[in-house]
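So the protein lines, in turn, are chains A and B. Sequential numbering of the first sequence, starting at 1, is according to the working numbering. Sequential numbering of the second sequence, starting at 1, is according to the working numbering.
No lab work stands behind these hints, which were simulated from the structure alone. It cannot be assumed that every hint is accurate.
[As the list claims (entries may be wrong)] Computed Cβ-Cβ distance ranges for the label pairs, DEER-style: (1) Phe75(A) x Val64(B): 20 to 28 Å; (2) Trp288(B) x Val6(A): 53 to 61 Å; (3) Pro113(A) x Val4(B): 42 to 50 Å; (4) Met68(A) x Val131(B): 17 to 25 Å; (5) Trp8(A) x Trp10(B): 21 to 29 Å; (6) Val308(B) x Gly100(A): 53 to 61 Å; (7) Ala132(A) x Leu275(B): 38 to 46 Å.
Note that the Cβ used here is the ideal one computed from N, Cα and C, for glycine as well.
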Amino acid sequence: MLSGIVFWVLAVVAVAAGVAVFRVDSMARATYALAASFVAVGLSLLLLDLQFLGVMTVLMMVMEMAIMAIYMIMFMGMNPALMPMSMVHGKRPALLISVGTFAVLATGALLVPWPTRRGAPAADLVTSLGEAVMESKMLVMLTVSPVLFATIVAALVLALPRSRYDRLGADLRGRADR
Amino acid sequence: MTVVQVSAGWVPLAAALLLTVATAAAALDGVLAARAGGRPLGEGLLTPAAETARLFRQRRRTTVAADLPLQRIGGAGLLTAALLMVTVVPFGRWTVADLSVGVVWFNAMDVLLWAALWLAGWGPNSVHPLVAGHRFLAQALSYELPLMFALTTPAVAAGSLRLGDLVAAQSGLWFVVWMPVAFVVFCAGVLAFSAWGPFSAALGGGATGGVLAESAGVDRWLVTAGRYALLTAGAAFGATAFLGGGHGPLLPAWLWVLVKTALLLAVLVALRRRLPVVRPERLTVPAWLVVLPLVLVQLLVVSVVVVVRG
């Protein structure tokens, strides 16, 4: 009963905030509407007893959206981010693609013969999640993380043409400023 | 000592307790300000009441083309985050929410402050709050990772993310004794997410007033009270995760929690007048090149001890 009410409230909030992302006219509102939608999804994971994943989703998404808001405002040229603006473009293809995707996925969900459950959930979900990530998938992680890290460093180097040269001077020895 | 989850009817009482301790922290800050300014100490003691009366009678301030919903959400976010943080902290034998991932919950709530302070700065459509909101995010990028690893350390030692298990694991030896670096980094993290003392650039009383520059009346009260509530919630978590929680001789467990929280909180409040404010852009290099490796070494030492002990 109670979890049913909580689920429906969270579901409505998630969808309504998701709709709001495209209806509002400001970058900040759109970003934080998306964050609110993700928080509702994260909290609804708690209903599935996936507490770690649920709380982690809230943590990651709020952090991500806080940073994303800054980048969106920073990189929208001509300063439209600070004025009212439409959050949608290419309306007709976007509408066609999204309705098509929804129809395909919904049809699939209704028509696919769902397998019956095999096995039982682990007693300690956090531990089993950690083992799944750290044992069999470790090689993937080890491959992915250097690539991701290199991407971050490269992006920062490109975004900051002067960075440490500002602080340490052209020869990187002394203190150029202050 | 086992921790039991109390019924939801106790939640208002827990919130009132947090606000009471936060008020005491504000009174202590008032006394310290009065002593520094050579005014009578009793006047300083009444600061919370006087400020509340003053701000509740003051008109709210609205600026041109302000984004009021976001401004209000951001302003209320500090107090909300503090109240949500403290739900997982056991008060002696009782807790409001016995969450199996309490440590992560605390961390997620302190991340909410990234959004809250930036929104409070963005909302007024005014230069100084906007810049201060961005400065808080820059500071957050510096303090969040060291804080995360400082939070991980006691969880690794206890082998659990549940705060009740953290307390139980400290029955012999408090965590602060063998993970002092993590404790210091955690305390710095609490100061930083509360935008207090050396990390108060975003809310500072400098030339601009930062995020609060355009804020008056009840809006200003919410942010100010939220800061003290955040310090209190952080101190309560620190007392639980590092200072043994309810463990101690003679006194009942809940009183020990209260005493330890009050002592840690008093230190955090007093640090405000002892340390200079660090500019957020100067914080990144020491935070990432010195503090982060230090806290990682601390985590490594604790992990090795846990593995060797079996």
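Hint-by-hint comparison with the structure:
no. : hint                              : in the structure
1   : Phe75(A) x Val64(B): 20 to 28 Å   : holds (26 Å)
2   : Trp288(B) x Val6(A): 53 to 61 Å   : violated (40 Å)
3   : Pro113(A) x Val4(B): 42 to 50 Å   : holds (45 Å)
4   : Met68(A) x Val131(B): 17 to 25 Å  : holds (19 Å)
5   : Trp8(A) x Trp10(B): 21 to 29 Å    : holds (27 Å)
6   : Val308(B) x Gly100(A): 53 to 61 Å : holds (58 Å)
7   : Ala132(A) x Leu275(B): 38 to 46 Å : holds (44 Å)
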